[in-house]
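Trainee: Heads up: the protein sequence lines correspond to chains A and S, in order. Numbering-wise, the first sequence is residues 1 to 482 according to this note's numbering. Numbering-wise, the second sequence is residues 1 to 1033 according to this note's numbering.
Just so you know, these hints were derived from the structure itself, not from any lab. Just so we're clear, the structure is a prediction, and the values are computed from it rather than from any experiment. Just so you know, not all the hints are guaranteed correct.
[What the hints assert, rightly or not] Okay, derived cross-link-like pairs now, EDC-like style, lysine to aspartate or glutamate, Cα gap no bigger than 20 angstroms in a straight line:
hint	chain 1	residue 1	chain 2	residue 2
1	A	235	S	873
2	A	123	A	272
3	S	981	A	255
4	A	461	S	43
5	S	805	A	255
6	A	235	S	871
[As the list claims (entries may be wrong)] So the derived list for chain A, only partly shown, Cβ under 8 angstroms to chain S, looks like this:
hint	residue
7	162
8	240
9	255
Glycine included, each C-beta is placed from N, C-alpha and C at the ideal position.
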Amino acid sequence: MSPIQELLQARQQRQTRRVFLGQASQGLGALALASLLRPDAVRAATSGSDHWEGVVNPMHFAPKARRVIWLTQAGGPSHLETFDPKPKLAEMHGQPMPDSFTKGRQIAQLQGQKLLCYGPQLKFQKFGRNGIELCELFPQIGSVADEICWIRSMTTEAINHDPAHMFMNTGSQIAGRPSMGSWLTYGLGSDARNLPGFVVLTSLGRGGQNQPIAARQWAPGFLPSRFQGVHLRGKGDPVLYLGNPDGITRSRQKDVVDTVNRLNREHDAVVDDPEIATRITQYEMAFQMQASVPELMDLSAEPRSILELYGCQPGDGSFASNCLLARRLAERGVRFIQLYHKDWDHHGGVKQGVEFKAQEVDRAAMALITDLRQRDLLRDTLIVWAGEFGRTPMSQGGDGRDHHNAGFTVWMCGGGARPGTVYGATDELGYAAVENPIDVHDLHATMLRLLGIEHTRLSVKFQGLDARLTGIAGRVVPELMT
Amino acid sequence: MLFRRRQPRHSALRVAGFLLPAAMLVAAPKVDFNRDIRPVLSDNCFACHGPDASKVKGGLRLDDRDRALQPAKSGKVALVPGKPEASELIFRIQTADADDRMPPAESHKTLTPAQKDLLRRWIAEGAEYKGHWAYAKPARIDAPPGPAAVDFFVGRRLAEAGIKPAPEADRRTLLRRLSWDLSGLPPTPEEIAAFENDPSPDAYERRVEALLASPRYGERMALPWLDAVRFADTIGYHSDTPRNIWPYRDYVIRAFNRNMPFDQFTREQLAGDLLPNPTLDQKVASGFNRLLLTTEEGGAQARDYEARYLTDRVRAVGSVWLGQTIGCAQCHDHKFDPITSRDFYSMGAFFADVSEAIVGAREPGMPVPDDDQSVVLALHERDVAALQREWDGPHPGLSNRFENWQDAERARILADALWVAPKAASATSAEGAELRIRDDASILVAGKNPERDTYVVRFTNGIPHLAGLQVEVLPDDSLPSKGPGRAGNGNFVLTELTVRVESPSAPARTLNLRNPRASIEQASHVDTNPYGRWSAASAVDGDTRGETAGWAILPQVGRPQRLRVTTERVESLAPDDALVVELRQRHGDGHNLGRFRIQWTGDSGLADAAVAESAPAEIASLLRTPPGALDDAGRSRLFEYYKETDPQLAPLRQRLAAARKAKSDFEATLPRTLVTMRADAPRVVRILPRGNWMIETGEEVAPALPAFLAPQRTAPARLTRLDLADWIVSPENPLTARVIVNRVWRQFFGTGLSKVADDFGAQGEPPSHPELLDWLACEFRDSGWDLKHLVRLIVLSGTYRQDSKASRELMARDPDNRLLARQGRWRIEAELVRDQALSLGGLLVADIGGPSAKPYQPPGYWENLNFPVRDYDASPGAQQYRRGLYTWWQRSYVHPSLLAFDAPTREECAAERNRSNIPQQALVLLNDPSYVEAARGFAVRILKAPATEGDAARADWAWRQVLGRAPSASERKTVLALLEKHRSEFRSDPESAGRFLKMGATPPPPDLDAASLAAWTDVARALLSLHETLTRS
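Sequences are here, hints too, so could you generate the full structure?
Mentor: Have a look at this one:
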């Protein structure tokens, strides 16, 4: 038995014993009861507990997905060079964009400029039994195209990176709302015992279009801090302050933690404060994370075949490595795993830019799907591939594309997403979603539905409102589900 | 002990406590609308039957009694006073028929049996409505004066409930509590001992006064205020770049320490700039209006962000002063409270006069000198003023020289006008720049700017005689630094100018040019220029002295300049001859011409005339006006212009310029802060339907107070932010005094009297002690908004001084402590966790204010910031050990040690903080270098403590420092066990002790035994991490 397994077992025994002795004062029973009886059991969640089971109990529907891996393609991928073929746009290349398409729409950096059509810069070809047409630079994703649920009619409200990420993550452009991973861990808890329930990984591509990403994108907003996303970093301590101080061995650290907990227990005997039991648990959890996180991050134990499948080297910090880490996190029961791959902001050089991105993303995404499938995890893991917006069919600076929110492509895979479907369409120039448009709230509502949650019922009282991930909107799209 | 916990803490009673509002813990004989009914109606019914006119279903409104008593669309009457059975409402909430049942299934709302019973009883008792509690002016009912009033109201509720208040806490606990609450730092063991042994009857009162007088008080009070107003060092959106604003934070601390009346505090922040002769401090205070999130993101649209800024500011006023969720009315009339969209945008219009870039970098702001700097600044100002007086005159002879100058200039202008400027037939660039011939015959260059270029301009206009030509270079807004050149600084170098005549009948001939002159020739600071300056001559030398020398004009860019040459003899040209002018620019670095015009003359007198710098267009136009037709303004403008060029005044001019420069150089070293400056014209504010900024058809609105709170004033002039501030602190506004009292109360009890600190609307919670809240609000207002008075009333009360321990029975009965039969206890705020560690470590620097500090931070934490990419450099020296309050607040990446303890990002106004208990807190306390260094500092203090010998005595000493009490025998044993084990480990492993002790910027004293120090450091780490250490009780 490894030291970690030993720790785990000891901990489990401890928990069992405590529950048996009725010691879990803030334990599952009390919290679940509180959350049942009081929908805003947030206060109970604030005080923490051994383990948070989530407020959605029982589930609103039988869940098809149990966890989510959200592959954020940050910067705004061009749908026109990836997954939305537009031959008509090629024909119109260089001609003025007809006013009828653009009138009354938001425009970002192309404000006040002459709008010219810019034909797709890369070739498309048909993939899979269903002949789904994709850019030829994505043959690996193409090889699993029949397992993917394609949405070519995505829209969003925001058109600048920061608010657009906020909207995609929280359903609001106003800071301070919980990110979707926070909502899910609040709603469902997490099966991960020694890891956070909501984990974030970031990577930067070769083109270097490094748009900033704020920590608010994984912030818990008005939900308690325990639901915040934890950023696992590629360099330095994977979790902030995870490493012991220099010169402090694991056993010395354990001595200090044990001393603190022993003293806290003694103090509890005097003042009788339930918060103390919680604090003791948190120190134990912290100590365990100091072992479990490095173990998680260490890809050297992965067989060569797996590293080759993803196309990554341990410690290279690539999107592919993060995809492999996402699988490991999924195996460990983490509820919401969000990857940010930056560098999709192709105001110029969109052709070269997407060529780089294809090399970084294509194999890795296929590998994640394949690897989850071969471990029987794809069934109940929902993968979402999405940027914060798309890009204009008009050219910017002669060889790039501007931000665009009227129509773009995202895809889902596994976890009850309907495979091999192409849902919705943009107009013939790839400007606006005209057939079955869906917005961010719809996407969220559908995701929650797959996870067994009725989106209108996952709410928290905030500033007098029953605040939800889906705001006051959201429509579950049955065509996207099996 | 094992069985102690078997008594359930979450008993049925506790669950009942969850369900019932605080007010219902006591059996109420009569149903009270505000306490019992409005919350039920608001939460379950108002969304469809409430104030939002556009959403009312079935013609029924329940927020207004008159309407609720009318038949609805269905013809049925919802409320029949006295007759529950005849009331449709009662039928609807009780029916089993899903089609009729209210609230409907899709709302996911259900009424509890207790709520249904309340509604029935309420109708039976007459279905009386009352205005919403928070919108009625606070009324003071009779109570004993002073702090006894607090105990009077709290005691009355407790007596009704049959609960006894807790006894007074012991003195150690009391002083610790008081110190945390008023200064944010724990007391020293000596202070505790002195208080414990002080027999005087006013022992406690004196501690209160001492703490109120300490400068730490202002820092402590600033913490929740800075959250409320969302103070931060960076802009928030996208690049999240820094901005200058920390002087505002220091203003807040000063205001609390000086006990500035809260009404003044309000006026200064909202409208300090509008006060008569505002002081520096009042202008700094107006920085409040600049605290919001702003963006520099490329492609951000101004109207989008203009709307965001407006809504941000309205939410801030709502949250900070009114306790209203006005933000809801951005898109529609409020669902629960009588706030309309018009109220929302009219409130926003108050801020339409704030001058600011909508998209882009913030300006540096106003200089804020400290006292010493003010003295120096005053000296500079005196110098400038003295020279200015001298400059203002009188100056003998100046008016004569002015008249002479005018005569000469007028003659020159007449002569210049004789030059002709024909339009060129063609103009081309050898390197592919775009040359555009404009209607005024000038040529504007655009497109790519090559390193070097040659322009060829061809004229076919049939000039009969040619005696000279001039190249006039002209500024243009499209050029860098307005030109006339295309280099970044607006300069150019014309290295060679040639003119040749092309004739259909004869070979082309190049004309010889002589007498080169220019209105300005740039001085040269490089030895390689053979002319010693960038002269006109070097542009017509046939490049005999190198091709890179030429004519340039720095620093006189941004205005017209001329180079003039004379032809060797007067040339006569045939009508079909073409003149070709070639302008070579071989200097490099894009030093090419941006806009120029070529002019000719056939008159040799004109051709040989001196060339002067052209007066600016405005002056030239004044000079062209006949002297008799000039008005006074024109004449004085001309005079001013001349005075600035008068050669005899040059020395004085230079002295004045030098003094001004010295002053501005000094000002550049001063800290700056964003303040509110009034724009010349306020932005137009329209109601945005559904909050959509792209819809421009909404009605335009002027600043106005919320109609439901203030009867619409007809003002003769547009209302200002000062009017808004005046109204906020006027007796007409029922909200603000309550909101502030409630927030201050929260600081001293952990929860406000109304639990939801930022929502006093229908969806908030009615106060647990409405009469106490009102009494305190009146007392606060009537005392002249005296905050220290309010604080005294609270902390001197018996209610505040109670023990925080609760019996099991009380825990079950009142788990949230709404009845105040005890004190609260909670984990101290993020900043205070840091302050305590630094203080125990002997590291805390007690300075007040100044630029924000950067404590150690894990490398790479800012890796996802960009525009620009940023390094984090931890502050050196004393700045490293500042209180947490002064930590650099990077909105998108708040310092992770603060974030772990629930510090808000300050992107939005926050009236309260979470109090979470998460593993990251343990990681910070155990592993953050700041805490390890503090622990080591504490260990040094332990080892050097005077008159302390032996491990046990040292452990006791340490314990007293941290907790103000001696350890129990078993606590002592536990820490000594850790000490001994680690001391012997570090003895046998000195290398790791050495590495451990290196942590942080302050080296430990060399005279201490390393193993011992390392082991005590581990003890200190444990003590700093204790629950009791982190808890205010």
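Trainee: Would you mind marking each hint as holding or not holding in the structure?
Mentor: Results of checking the hints against the structure:
1. 235/A to 873/S: Distance of about 18 angstroms is within 20 angstroms: holds.
2. 123/A to 272/A: violated, 70 angstroms
3. 981/S to 255/A: Measuring from Cα to Cα gives roughly 9 angstroms; hence the hint holds.
4. 461/A to 43/S: Holds. Residue 461/A to residue 43/S sits at ~10 angstroms (cutoff 20 angstroms).
5. 805/S to 255/A: violated, 30 angstroms
6. 235/A to 871/S: At roughly 15 angstroms apart (the allowed maximum being 20 angstroms), residue 871/S and residue 235/A satisfy the hint.
7. 162: holds, 4 angstroms
8. 240: Holds, because the Cβ-Cβ distance from residue 240/A to chain S comes to roughly 5 angstroms (cut-off 8 angstroms).
9. 255: Holds, because the Cβ-Cβ distance from residue 255/A to chain S comes to roughly 6 angstroms (cut-off 8 angstroms).
Checked against the numbered hints above, the structure breaks hints 2, 5 and satisfies the rest.
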